[in-house]
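Here is how the chains run, residue by residue.
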Amino acid sequence: MVFLCKELHTMKGQEEMFDIISTKGREEVWSDFRNCFDSELAEEFLQSLLTLMQIMFVLNHQYRRNINKFNGRYQFRSEDGEVTIGVCFANKRMKVVEGIIDNPHITITFRNGRTLLDFIISPRQDILGSMLKHDVRTEGNLNYLYKFGFMAKQLQLMIPQPG
Amino acid sequence: MTSITLDDIGLKDFTLQTLPRLKELRSQYFSRRPEICIERARYITKYLRYHDNASDSPEIRQAKKVSYFLHRKSAQFHDRNLIAGSTTSKALGAPLFPEFFALTLWPELETVSDRKKNPQKLTHEEATELNLDIFPFWMDKNVLELTRTRFSNPKCLQLFENLVFFIAAKAGCISHAVPAYSFMLEHGLSGMIAMAAEREEALAAATDKKERQQADFFRAVQISLQGIIAHATQLADEAEHLARVTNNSEDAAELIEMAAICRRVPAGPATTFREAINAIWICQVGIHAENINMAMSPGRLDQILYPYYRRDIAEGRLDIARAIELTGCLWLKIADNVTMVPEASEELFGGAGTVPAITIGGVDANGEDAVNDLTYIMLRVTELLTIRDPNVNARYDYEKNSSAYCRRLAEATLNTKSVPAFFNDKANITALTGQGETLEHARDYAVIGCVELASSGRDYPASSSIMMNLAAPLEMALFQGKRPITGEEQIGPVTPDPSELASFEDFWQVFKTQLDWLIEQAIQLNDYMGAVHQEMMPSPLLSALFIGPMDKGKDLIQGGALYNSSGATHIAFADVVDSLNAIEQTVFVEKKYTFNDLLEQVRNNFSGLEGEKVRLYLQNHTPKYGTEAPIARKNSRNLVQHLFNLYQSHTNYRGGPYRPSYWTMTNHAGLGGISGALPHGRKAGKVFSSGMTPVSGAAPELTACLNAVAELGGELVPGCWALNIKYTPEADVTTMSEYFAQTIEAYFRAGGQQVQFNIMTYKMLLDAKKHPENYPELMVRVSGYSAYFKDLNEMMKDELITRTQYGLTDGQAVPLPPLQ
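Which chain is which? The protein sequence lines are A and B, in order.
The first sequence begins at 62 in my numbering and counts up one residue at a time.
The second sequence begins at 19 in my numbering and counts up one residue at a time.
Read the hints as simulated data drawn from the structure, not as lab findings.
These numbers come from a predicted model, not from an experiment.
Among the clues, some could well be false.
Stated by the list, open to error - List of simulated lysine-lysine pairs, DSS-like, C-alpha gap at most 25 angstroms: (1) K194/A - K500/B; (2) K153/A - K159/B; (3) K214/A - K139/B; (4) K159/B - K214/A.
As the list claims (entries may be wrong) - Residues from chain B shown here face chain A by an in silico Cβ test under 7 angstroms; the list is partial: (5) L121; (6) W124; (7) L127; (8) M157; (9) E163; (10) I692.
No residue lacks a Cβ here, since even glycine has one placed at the ideal position from N, Cα and C.
Using the sequences provided together with the hints, build the complete structure.
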């Protein structure tokens with residue numbers, strides 16, 4: 062899966078988003094996300110989550126309310142250096158960039174995709190357990206993580222049931 | 019000196035059958051499910067967003083904020099309780115304090131109502147309000163984030179956020195206090211407001227900065243107390259309204275009486291037992307509006323309320339049944355709130371209550387027997403209700419209190435299987451006078467929360483400021499300043515490789531180097547957070563209910579109390595002592611293993627056949643804390659002495675000392691679960707021992723165990739400890755009560771400060787774990803507080819199951835059955 066390195070809520074961003082949705086089909090996007098909960102696909106969890114978040118901010122008015130007045134900068138990094146992603150919320154927009162961002166409110170360093178999934182969104186979310194086991198380390202304001210966790214959890218609850 | 023007038027101190031004629039109101043309220047209590055209450059979060063956010071004046075002093079800002087809430091707090095009458103007022107808008111509420119950790123709930127706003135473990139109900143509308151309106155306001159404004167910003171994300175804060183070294187409780191509260199309610203009952207809040215106004219007036223012309231601050235403080239006191247009176251008025255209004263609309267004349271009469279009481283107290287002085295009880299409760303509600311309910315303890319209620327009880331009894335306004343009923347109503351009110359616990363924290367704090375402590379018995383300020391009729395009434399109520407909160411603690415002076423009293427305490431413990439906890443007046447008064455408290459003040463100590471000691475209304479001990487994981491510095495000593503769980507990161511100072519050390523004394527020095535460094539980090543963070551509390555969370559309302567602040571013109575958080583200290587408690591004490599014993603014995607005395615051998619086994623978690631062989635040797639053939647082994651006695655004494663010296667050499671942000679203590683709540687389970695193997699044969703991930711209790715299975719003889727713990731008591735443990743003992747229930751309760759009381763007395767005479775019991779067997783607890791539906795009300799002592807067994811996390815349940823079980827008659831440990 063490729064990251065959407067662009068801003069939403071611009072016409073261009075929205076058009077590309079709709080392209081993705083029409084190309085893959087909305088069902089398939091949800092399916093990618095749902096499949097992350099299977100262990101073999103956990104590595105792609107962050108990518109799936111951010112993609113779906115971007116889509117839902119465009120499509121779902123209720124969900125978009127989460128970022129109406131929100132400024133937040135997140136840095137996600139895998140311990141092995143394979144993944145370095147910045148996520149910025151500002152002016153009712155969500156931007157995802159590959160690489161290091163300036164002045165993140167919080168940096169989340171995770172051992173692997175599975176540990177990140179367990180940390181943020183698994184059915185038995187285990188933020189504290191992940192931190193105690195040092196599967197995930199954070200630096201910065203945890204309140205931003207809690208908000209992100211809520212937005213991720215909302216997506217999880219929106220997953221259409223198969224059939 | 020007081021005298022007992024009861025014919026039967028057991029009050030056995032009074033049961034839930036003869037007290038139908040208490041039976042009904044108790045039944046309702048157990049049927050309620052916790053609901054999250056957002057009322058306080060809503061109004062204080064609104065106040066700060068739209069009305070706050072940043073140019074006001076911190077005390078006035080806080081007073082206005084709290085008063086704004088109290089003026090708007092809903093008046094609720096959820097049931098037929100005779101006491102008006104509730105801490106939250108829900109029948110069993112979990113209030114949110116966004117100044118602290120409320121935002122940890124954010125990720126589960128949509129799921130907390132239905133989560134598997136300890137769900138807390140939250141409506142969709144409330145969740146939406148929290149998500150979109152309340153929580154966003156607090157993103158950068160809670161104590162933790164203000165500390166991070168103000169002190170540039172210091173190393174000590176990062177260590178705390180690692181969670182595996184120490185817990186800095188100020189991020190979640192200070193609370194932990196016992197107010198002085200007698201003055202309030204005598205003068206009423208209106209009288210106290212008048213005093214504060216007079217003192218403010220006297221400073222009206224002051225230009226000196228300190229005097230201006232004092233004037234601001236007195237102003238803040240008035241604003242805060244007026245908030246409580248406003249809420250009492252709302253309660254009266256609502257009671258009158260309900261009386262008008264009800265069709266039941268009996269209910270209407272009760273509501274009218276409650277309304278009349280709320281119009282009289284706490285604004286005016288209390289004149290009856292019932293007024294005194296309701297005045298105290300409404301003030302507790304006010305305290306909860308200002309500070310989160312973590313161990314906000316009402317204190318020595320049998321002493322405070324006794325004059326009102328005695329007068330009412332003498333004048334025929336009250337009988338024993340009504341006194342029991344009113345006391346029971348207060349107990350159930352105190353139990354009307356729980357802590358909001360995010361699912362993620364269940365591992366550490368699952369099942370914990372809010373631990374408001376009530377203290378009964380002991381001696382008075384003159385050192386004479388203070389046990390009175392009300393002591394026994396409170397004991398009977400505790401026995402009849404057997405509910406988690408309040409946490410009832412019994413003081414016992416083996417020279418002044420009667421043996422009948424001790425036997426009655428024993429009997430109540432056998433009947434409830436877990437409460438009350440026992441506190442030794444001799445040792446605890448010594449501990450407090452050792453801290454510079456006058457003898458009269460020390461004699462008036464009450465228990466806070468789990469086990470901590472405070473002279474009632476004079477001591478602001480912030481007793482849970484630091485929770486230090488002692489296993490962390492031990493591992494850092496073994497691995498040159500690193501811990502296996504934090505990998506290659508250099509945490510503490512680089513100390514010598516243990517394998518190069520020539521003696522146990524050298525290793526002890528290395529351990530102390532790491533321990534001292536870590537404690538200094540924790541103290542540094544506590545002082546940083548204290549400075550943030552001074553700006554953000556003063557307590558003018560609570561201060562008004564203390565002795566000291568009104569004389570000094572200074573808030574508690576600025577050092578207004580007579581005695582100012584910060585408490586530091588310790589996790590894994592017994593495991594660390596036993597590890598030191600094992601190192602000393604096997605590496606340096608017997609030379610059975612080299613330090614390298616031992617380290618290798620610890621690193622490998624005693625894996626393989628050889629590892630298991632070594633582990634069994636360490637577990638079964640090294641000196642254990644809780645026995646008479648000289649090495650174990652020496653190491654436990656040295657550790658307690660060292661911690662005392664270290665803490666006492668530091669002065670906190672309020673100008674007081676740090677006081678060590680030994681209680682663990684459920685942290686010994688959570689932190690044990692993530693800690694590596696230790697040299698005494700404990701494998702990685704196993705729970706630590708609780709409080710001051712020897713490691714499970716390590717102390718086979720009860721007498722030796724109690725003596726080994728008791729000899730550490732007194733001046734060196736000013737914050738007290740929690741010792742957990744499990745007894746096999748025996749058929750002959752009378753004989754068992756006798757043995758029980760004798761054992762308590764012997765332990766106290768040897769110096770033991772505190773002990774608490776679970777009267778249950780391995781088998782019963784195993785069954786309760788397997789079939790929780792059969793034990794819905796099973797209450798157990800954890801480490802300083804009570805919990806319902808079914809609410810505890812799995813690790814904590816296992817810890818309770820495996821705690822050493824002793825036969826009281828033969829004083830021997832019962833073998834632990836094979837665990838499936």
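Results for each hint:
Simply put, K194/A and K500/B have alpha-carbon atoms about 15 angstroms apart, close enough for the 25 angstroms limit, and the pair holds. Distance restraint check for K153/A and K159/B: the Cα-Cα separation of roughly 22 angstroms lies within the 25 angstroms cut-off, and the hinted pair is therefore satisfied. Among the hinted pairs, K214/A with K139/B is consistent with the structure: their alpha-carbon atoms are about 17 angstroms apart, no more than 25 angstroms. Among the hinted pairs, K159/B with K214/A is consistent with the structure: their alpha-carbon atoms are about 24 angstroms apart, no more than 25 angstroms.
The closest approach between the C-beta of L121/B and any C-beta of chain A is roughly 5 angstroms, which is under the 7 angstroms cut-off, so the hint is satisfied. The beta carbon of W124/B is positioned within 7 angstroms of a beta carbon in chain A (closest approach about 4 angstroms), and the interface hint is therefore held. Annotation: L127/B was flagged as interfacial toward chain A, and the flag holds, the nearest CB pair being 6 angstroms apart, inside 7 angstroms. Taken as an interface hint, M157/B checks out: its beta carbon lies about 5 angstroms from the nearest beta carbon of chain A, inside 7 angstroms.
Hint status for E163/B relative to chain A: holds, with the closest Cβ pair at about 5 angstroms, below 7 angstroms. Against a cut-off of 7 angstroms between C-beta atoms, the interface hint on I692/B holds, since the closest Cβ of chain A lies about 4 angstroms away.
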